[in-house]
Amino acid sequence: MTAPPLPPPPSGAALPAATICAIAHVTAVKMPAFQRHQEEKFFVTAAGKEPVPSIYDPAARELSVVVPSYNEEDRLPLMMDEALDYLEKRQKQDPSFTYEVIVVDDGSKDQTKEVALKYSKKYGSDKVRVLPLVKNRGKGGAVRMGVFSSRGEKILMADADGATKFPDIEKVEEGLKNLQPWPNGMAISCGSRAHLEKDSIAKRSYFRTLLMYGFHFLVWFLCVKEIRDTQCGFKLLTRKAAEKTFTALHIERWAFDVELLYIAQRLKIPIAEVAVNWTEIEGSKLVPFWSWLQMGRDLLFIRLRYMTGAWKLETRKYN
1 MTAPPLPPPP SGAALPAATI CAIAHVTAVK MPAFQRHQEE KFFVTAAGKE
51 PVPSIYDPAA RELSVVVPSY NEEDRLPLMM DEALDYLEKR QKQDPSFTYE
101 VIVVDDGSKD QTKEVALKYS KKYGSDKVRV LPLVKNRGKG GAVRMGVFSS
151 RGEKILMADA DGATKFPDIE KVEEGLKNLQ PWPNGMAISC GSRAHLEKDS
201 IAKRSYFRTL LMYGFHFLVW FLCVKEIRDT QCGFKLLTRK AAEKTFTALH
251 IERWAFDVEL LYIAQRLKIP IAEVAVNWTE IEGSKLVPFW SWLQMGRDLL
301 FIRLRYMTGA WKLETRKYN
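Residue numbers for the sequence shown follow the numbering used here, so the first one is 1 and each next one is one higher.
Calculated directly from the structure, the hints in this document are not laboratory data.
Just so it is clear, the structure is predicted and the values come from calculations on it, not from any experiment.
One thing to keep in mind: the hints can contain errors.
[Claimed, not checked] Dumping the calculated SDA-like pairs for lysine to any residue here, alpha-carbon to alpha-carbon at most 20 Å:
1) Lys118 / Ala47
2) Lys225 / Lys268
3) Lys118 / Gly48
4) Lys127 / Lys225
5) Lys268 / Pro183
6) Lys127 / Gln93
7) Lys240 / Val44
8) Lys109 / Gln93
9) Lys109 / Gln91
10) Lys127 / Pro183
11) Lys121 / Val44
12) Lys127 / Glu40
13) Lys135 / Trp254
14) Lys109 / Pro53
15) Lys118 / Pro132
16) Lys113 / Pro51
17) Lys41 / Glu114
18) Lys92 / Pro167
[To be verified] Label-pair restraints from in silico Cβ distances:
19) Leu78 / Arg253: 20 to 26 Å
20) Lys109 / Met307: 28 to 34 Å
21) Leu313 / Gln91: 35 to 41 Å
22) Leu267 / Asp94: 18 to 24 Å
23) Phe217 / Lys41: 38 to 44 Å
24) Lys135 / Leu267: 39 to 45 Å
25) Tyr123 / Glu173: 17 to 23 Å
26) Gln91 / Arg36: 26 to 32 Å
27) Arg90 / Arg253: 32 to 38 Å
Even for Gly, the Cβ is constructed at its ideal location relative to N, Cα and C.
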(Lines of atoms letter the chains of each structure in order from A; the text may use other names.)
(Lines give C-alpha, C1' and ligand atoms only; values in the text may rest on other atoms or scores of the structure.)
Protein backbone atom coordinates (compact mmCIF):
# COMPACT_ATOMS: atom_id res chain seq x y z
CA MET A 1 0.00 0.00 0.00
CA THR A 2 1.40 3.37 -1.00
CA ALA A 3 1.90 5.85 1.84
CA PRO A 4 -0.05 9.13 1.53
CA PRO A 5 2.03 12.03 0.28
CA LEU A 6 3.53 14.34 2.88
CA PRO A 7 2.00 17.82 3.15
CA PRO A 8 4.03 20.56 1.53
CA PRO A 9 6.41 22.44 3.84
CA PRO A 10 5.19 25.77 5.21
CA SER A 11 5.79 28.73 2.94
CA GLY A 12 8.32 31.38 3.85
CA ALA A 13 5.60 33.71 5.14
CA ALA A 14 3.60 31.05 6.99
CA LEU A 15 6.53 29.77 9.06
CA PRO A 16 7.29 33.05 10.91
CA ALA A 17 3.55 33.62 11.42
CA ALA A 18 3.12 30.15 12.92
CA THR A 19 6.15 30.75 15.16
CA ILE A 20 4.72 34.05 16.44
CA CYS A 21 1.35 32.39 17.15
CA ALA A 22 3.10 29.57 19.03
CA ILE A 23 5.16 32.03 21.10
CA ALA A 24 2.06 34.10 21.91
CA HIS A 25 0.18 30.98 23.00
CA VAL A 26 2.96 29.36 25.05
CA THR A 27 3.96 32.55 26.89
CA ALA A 28 0.38 33.52 27.79
CA VAL A 29 -0.84 33.53 31.38
CA LYS A 30 -4.16 31.69 31.15
CA MET A 31 -6.13 33.92 33.52
CA PRO A 32 -5.50 37.50 34.62
CA ALA A 33 -2.96 37.71 37.40
CA PHE A 34 -4.43 39.58 40.34
CA GLN A 35 -3.03 39.72 43.81
CA ARG A 36 -3.84 42.33 46.41
CA HIS A 37 -1.04 42.69 48.94
CA GLN A 38 -2.04 43.00 52.57
CA GLU A 39 -1.18 46.71 52.58
CA GLU A 40 -3.43 47.24 49.52
CA LYS A 41 -6.54 46.09 51.37
CA PHE A 42 -6.80 49.50 53.04
CA PHE A 43 -7.21 53.11 52.01
CA VAL A 44 -4.73 55.43 53.70
CA THR A 45 -6.27 58.38 55.54
CA ALA A 46 -4.94 61.27 57.61
CA ALA A 47 -6.15 59.38 60.70
CA GLY A 48 -4.99 55.88 59.77
CA LYS A 49 -6.49 53.22 57.51
CA GLU A 50 -9.90 52.14 56.22
CA PRO A 51 -10.69 48.75 54.63
CA VAL A 52 -11.47 48.81 50.91
CA PRO A 53 -14.87 47.59 49.65
CA SER A 54 -15.36 45.17 46.75
CA ILE A 55 -16.67 45.62 43.20
CA TYR A 56 -19.10 42.79 44.04
CA ASP A 57 -20.74 44.81 46.82
CA PRO A 58 -23.92 46.73 45.94
CA ALA A 59 -23.25 50.29 44.78
CA ALA A 60 -23.21 52.83 47.60
CA ARG A 61 -22.38 55.96 45.58
CA GLU A 62 -23.68 57.33 42.31
CA LEU A 63 -20.20 57.96 40.91
CA SER A 64 -16.67 56.69 41.52
CA VAL A 65 -13.76 58.51 39.88
CA VAL A 66 -10.63 56.35 39.60
CA VAL A 67 -7.40 58.33 39.11
CA PRO A 68 -4.28 56.20 38.36
CA SER A 69 -1.25 58.20 39.50
CA TYR A 70 2.46 57.48 39.09
CA ASN A 71 4.86 60.26 40.12
CA GLU A 72 2.13 62.88 39.68
CA GLU A 73 2.87 65.27 42.55
CA ASP A 74 3.10 68.21 40.12
CA ARG A 75 0.16 67.48 37.80
CA LEU A 76 -2.32 65.91 40.24
CA PRO A 77 -3.37 69.15 42.04
CA LEU A 78 -4.68 70.75 38.83
CA MET A 79 -6.85 67.73 38.09
CA MET A 80 -8.07 67.32 41.67
CA ASP A 81 -8.93 71.02 42.05
CA GLU A 82 -11.02 71.01 38.88
CA ALA A 83 -12.69 67.65 39.59
CA LEU A 84 -13.59 68.35 43.20
CA ASP A 85 -14.80 71.87 42.43
CA TYR A 86 -17.18 70.42 39.83
CA LEU A 87 -18.31 67.49 42.02
CA GLU A 88 -18.94 69.68 45.06
CA LYS A 89 -20.99 72.18 43.04
CA ARG A 90 -22.99 69.36 41.52
CA GLN A 91 -23.71 67.90 44.95
CA LYS A 92 -24.87 71.29 46.26
CA GLN A 93 -27.26 71.59 43.32
CA ASP A 94 -28.46 68.00 43.79
CA PRO A 95 -27.99 66.70 47.36
CA SER A 96 -28.95 63.19 46.23
CA PHE A 97 -25.78 63.04 44.09
CA THR A 98 -23.01 61.12 45.85
CA TYR A 99 -19.45 60.56 44.72
CA GLU A 100 -15.97 59.38 45.64
CA VAL A 101 -12.57 60.05 44.07
CA ILE A 102 -10.09 57.18 44.39
CA VAL A 103 -6.47 58.19 43.83
CA VAL A 104 -4.44 55.04 43.16
CA ASP A 105 -0.78 55.76 43.91
CA ASP A 106 0.92 53.30 41.56
CA GLY A 107 4.16 52.82 43.51
CA SER A 108 5.22 56.46 43.08
CA LYS A 109 8.69 57.57 44.12
CA ASP A 110 7.68 61.17 44.75
CA GLN A 111 5.08 62.85 46.99
CA THR A 112 1.98 61.72 45.04
CA LYS A 113 0.47 59.99 48.07
CA GLU A 114 1.06 62.97 50.32
CA VAL A 115 -0.51 65.35 47.78
CA ALA A 116 -3.58 63.11 47.52
CA LEU A 117 -3.85 62.85 51.31
CA LYS A 118 -4.12 66.65 51.56
CA TYR A 119 -7.32 66.46 49.51
CA SER A 120 -8.56 63.54 51.60
CA LYS A 121 -8.05 65.61 54.74
CA LYS A 122 -9.76 68.65 53.21
CA TYR A 123 -12.83 66.90 51.75
CA GLY A 124 -12.98 63.85 54.04
CA SER A 125 -11.81 60.27 53.48
CA ASP A 126 -15.31 59.24 52.43
CA LYS A 127 -15.05 61.49 49.36
CA VAL A 128 -11.33 61.36 48.55
CA ARG A 129 -9.79 57.93 49.06
CA VAL A 130 -6.08 57.17 48.66
CA LEU A 131 -4.96 53.66 47.71
CA PRO A 132 -1.15 53.23 47.68
CA LEU A 133 0.14 50.19 45.77
CA VAL A 134 3.14 48.26 47.06
CA LYS A 135 4.83 48.34 43.64
CA ASN A 136 4.19 49.83 40.24
CA ARG A 137 1.62 47.79 38.29
CA GLY A 138 1.21 50.00 35.24
CA LYS A 139 -1.72 52.22 34.35
CA GLY A 140 -4.08 49.33 33.60
CA GLY A 141 -3.17 47.56 36.83
CA ALA A 142 -3.68 50.73 38.85
CA VAL A 143 -7.06 51.43 37.25
CA ARG A 144 -8.16 47.85 37.92
CA MET A 145 -7.19 48.15 41.61
CA GLY A 146 -9.23 51.34 41.87
CA VAL A 147 -12.22 49.81 40.08
CA PHE A 148 -12.15 46.75 42.33
CA SER A 149 -12.14 49.10 45.36
CA SER A 150 -14.96 51.37 44.22
CA ARG A 151 -18.54 51.89 45.40
CA GLY A 152 -20.04 53.74 42.42
CA GLU A 153 -23.04 52.78 40.31
CA LYS A 154 -21.03 54.40 37.51
CA ILE A 155 -17.22 54.36 37.41
CA LEU A 156 -15.16 56.99 35.61
CA MET A 157 -11.52 56.53 34.64
CA ALA A 158 -9.77 59.93 34.65
CA ASP A 159 -6.09 60.69 34.06
CA ALA A 160 -4.13 62.50 36.75
CA ASP A 161 -2.85 65.14 34.35
CA GLY A 162 -6.27 66.76 33.91
CA ALA A 163 -5.89 66.83 30.12
CA THR A 164 -9.65 66.28 29.72
CA LYS A 165 -11.80 69.02 31.24
CA PHE A 166 -13.69 67.36 34.09
CA PRO A 167 -17.09 68.97 33.40
CA ASP A 168 -17.05 66.95 30.16
CA ILE A 169 -18.21 64.07 32.31
CA GLU A 170 -21.69 65.32 31.44
CA LYS A 171 -20.97 64.50 27.79
CA VAL A 172 -19.91 60.92 28.50
CA GLU A 173 -22.85 60.54 30.90
CA GLU A 174 -25.16 61.58 28.07
CA GLY A 175 -23.44 59.05 25.82
CA LEU A 176 -24.06 56.35 28.41
CA LYS A 177 -27.69 57.40 28.82
CA ASN A 178 -28.27 57.23 25.06
CA LEU A 179 -27.24 53.55 25.06
CA GLN A 180 -30.20 52.55 27.25
CA PRO A 181 -31.66 50.03 27.73
CA TRP A 182 -28.35 48.54 28.90
CA PRO A 183 -28.18 44.75 28.39
CA ASN A 184 -27.65 43.17 31.82
CA GLY A 185 -26.93 46.65 33.19
CA MET A 186 -23.75 46.97 31.08
CA ALA A 187 -22.63 49.93 28.95
CA ILE A 188 -19.48 52.00 28.34
CA SER A 189 -19.07 55.61 27.19
CA CYS A 190 -15.63 56.68 25.95
CA GLY A 191 -14.33 60.21 25.75
CA SER A 192 -12.68 60.80 22.38
CA ARG A 193 -10.05 63.17 20.96
CA ALA A 194 -10.55 61.97 17.38
CA HIS A 195 -12.14 65.29 16.38
CA LEU A 196 -8.93 67.07 17.43
CA GLU A 197 -6.61 64.85 15.37
CA LYS A 198 -5.93 67.38 12.57
CA ASP A 199 -4.92 70.11 15.00
CA SER A 200 -2.70 67.77 17.02
CA ILE A 201 -0.86 66.55 13.90
CA ALA A 202 0.22 70.13 13.13
CA LYS A 203 1.98 70.28 16.51
CA ARG A 204 3.66 66.86 16.33
CA SER A 205 6.87 65.78 14.65
CA TYR A 206 6.63 63.64 11.51
CA PHE A 207 7.99 60.66 13.44
CA ARG A 208 5.38 60.91 16.21
CA THR A 209 2.63 61.34 13.64
CA LEU A 210 3.84 58.20 11.86
CA LEU A 211 3.83 56.28 15.14
CA MET A 212 0.31 57.50 15.91
CA TYR A 213 -1.07 56.41 12.54
CA GLY A 214 0.72 53.07 12.82
CA PHE A 215 -0.81 52.46 16.24
CA HIS A 216 -4.31 53.45 15.06
CA PHE A 217 -3.99 51.06 12.14
CA LEU A 218 -2.92 48.15 14.38
CA VAL A 219 -5.80 48.84 16.79
CA TRP A 220 -8.27 48.86 13.88
CA PHE A 221 -6.74 45.87 12.09
CA LEU A 222 -6.20 43.62 15.12
CA CYS A 223 -8.65 44.52 17.86
CA VAL A 224 -11.21 47.36 17.84
CA LYS A 225 -12.81 48.70 14.69
CA GLU A 226 -15.72 50.84 15.91
CA ILE A 227 -13.88 53.20 18.30
CA ARG A 228 -11.56 55.78 16.72
CA ASP A 229 -9.80 56.86 19.94
CA THR A 230 -9.22 53.94 22.30
CA GLN A 231 -6.54 55.68 24.39
CA CYS A 232 -8.36 58.69 25.82
CA GLY A 233 -8.23 58.17 29.58
CA PHE A 234 -11.77 59.44 30.16
CA LYS A 235 -14.09 56.42 30.15
CA LEU A 236 -17.37 55.90 32.02
CA LEU A 237 -18.60 52.38 32.77
CA THR A 238 -21.62 51.02 34.54
CA ARG A 239 -20.68 49.01 37.61
CA LYS A 240 -21.66 45.73 35.98
CA ALA A 241 -19.66 46.51 32.83
CA ALA A 242 -16.61 47.38 34.93
CA GLU A 243 -16.90 44.12 36.84
CA LYS A 244 -17.22 41.97 33.70
CA THR A 245 -14.44 43.63 31.71
CA PHE A 246 -11.82 44.23 34.39
CA THR A 247 -12.07 40.71 35.80
CA ALA A 248 -11.18 39.37 32.34
CA LEU A 249 -8.40 41.89 31.67
CA HIS A 250 -4.82 40.69 31.17
CA ILE A 251 -2.88 43.75 29.97
CA GLU A 252 -1.72 46.05 32.78
CA ARG A 253 0.32 48.62 30.85
CA TRP A 254 -0.56 51.23 28.19
CA ALA A 255 -2.54 48.97 25.85
CA PHE A 256 -5.03 47.91 28.53
CA ASP A 257 -7.68 50.27 27.08
CA VAL A 258 -7.62 48.33 23.81
CA GLU A 259 -8.08 44.96 25.51
CA LEU A 260 -10.83 46.46 27.69
CA LEU A 261 -12.79 47.56 24.61
CA TYR A 262 -11.96 44.32 22.77
CA ILE A 263 -13.46 42.36 25.69
CA ALA A 264 -16.48 44.67 25.75
CA GLN A 265 -17.12 44.13 22.05
CA ARG A 266 -16.77 40.36 22.41
CA LEU A 267 -19.27 40.46 25.29
CA LYS A 268 -21.59 42.65 23.16
CA ILE A 269 -21.50 45.49 25.68
CA PRO A 270 -22.76 48.66 23.94
CA ILE A 271 -20.10 51.38 23.60
CA ALA A 272 -20.52 55.08 22.87
CA GLU A 273 -17.74 57.40 21.68
CA VAL A 274 -18.19 61.03 22.66
CA ALA A 275 -16.06 64.04 21.71
CA VAL A 276 -14.45 65.77 24.72
CA ASN A 277 -12.18 68.76 25.21
CA TRP A 278 -8.55 67.80 25.62
CA THR A 279 -5.28 69.68 26.15
CA GLU A 280 -1.83 68.11 26.03
CA ILE A 281 -0.16 68.52 29.42
CA GLU A 282 3.62 68.34 29.80
CA GLY A 283 5.08 65.54 31.91
CA SER A 284 3.69 62.47 30.14
CA LYS A 285 5.18 59.14 31.27
CA LEU A 286 4.78 57.72 27.76
CA VAL A 287 8.12 57.46 25.94
CA PRO A 288 7.14 57.74 22.25
CA PHE A 289 9.18 55.00 20.56
CA TRP A 290 9.55 52.37 23.30
CA SER A 291 6.03 52.77 24.71
CA TRP A 292 4.50 52.50 21.23
CA LEU A 293 6.69 49.45 20.50
CA GLN A 294 5.44 47.80 23.69
CA MET A 295 1.85 48.67 22.82
CA GLY A 296 2.26 47.26 19.30
CA ARG A 297 3.51 43.98 20.76
CA ASP A 298 0.62 43.91 23.23
CA LEU A 299 -1.93 44.54 20.46
CA LEU A 300 -0.57 41.60 18.47
CA PHE A 301 -0.63 39.36 21.52
CA ILE A 302 -4.19 40.41 22.42
CA ARG A 303 -5.42 39.24 19.04
CA LEU A 304 -3.31 36.07 18.84
CA ARG A 305 -3.91 34.91 22.41
CA TYR A 306 -7.68 35.24 22.15
CA MET A 307 -7.63 33.73 18.65
CA THR A 308 -5.61 30.69 19.74
CA GLY A 309 -7.63 30.21 22.95
CA ALA A 310 -4.73 31.01 25.28
CA TRP A 311 -6.94 33.78 26.68
CA LYS A 312 -10.66 33.22 27.07
CA LEU A 313 -13.55 35.50 27.90
CA GLU A 314 -14.05 33.98 31.30
CA THR A 315 -14.15 35.91 34.52
CA ARG A 316 -12.99 35.00 37.98
CA LYS A 317 -14.41 36.35 41.18
CA TYR A 318 -11.65 38.12 43.05
CA ASN A 319 -11.87 38.59 46.80
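Status of the hints after comparison with the structure:
no., hint, result
1, Lys118 / Ala47, "holds, 12 Å"
2, Lys225 / Lys268, "holds, 14 Å"
3, Lys118 / Gly48, "holds, 14 Å"
4, Lys127 / Lys225, "violated, 37 Å"
5, Lys268 / Pro183, "holds, 9 Å"
6, Lys127 / Gln93, "holds, 17 Å"
7, Lys240 / Val44, "violated, 26 Å"
8, Lys109 / Gln93, "violated, 39 Å"
9, Lys109 / Gln91, "violated, 34 Å"
10, Lys127 / Pro183, "violated, 30 Å"
11, Lys121 / Val44, "holds, 11 Å"
12, Lys127 / Glu40, "holds, 18 Å"
13, Lys135 / Trp254, "holds, 17 Å"
14, Lys109 / Pro53, "violated, 26 Å"
15, Lys118 / Pro132, "holds, 14 Å"
16, Lys113 / Pro51, "holds, 17 Å"
17, Lys41 / Glu114, "holds, 19 Å"
18, Lys92 / Pro167, "holds, 15 Å"
19, Leu78 / Arg253: 20 to 26 Å, "holds, 25 Å"
20, Lys109 / Met307: 28 to 34 Å, "violated, 38 Å"
21, Leu313 / Gln91: 35 to 41 Å, "holds, 38 Å"
22, Leu267 / Asp94: 18 to 24 Å, "violated, 32 Å"
23, Phe217 / Lys41: 38 to 44 Å, "holds, 42 Å"
24, Lys135 / Leu267: 39 to 45 Å, "violated, 30 Å"
25, Tyr123 / Glu173: 17 to 23 Å, "holds, 22 Å"
26, Gln91 / Arg36: 26 to 32 Å, "holds, 30 Å"
27, Arg90 / Arg253: 32 to 38 Å, "holds, 33 Å"
In terms of the numbered hints stated before, the structure departs from hints 4, 7, 8, 9, 10, 14, 20, 22 and 24, listed from lowest to highest.
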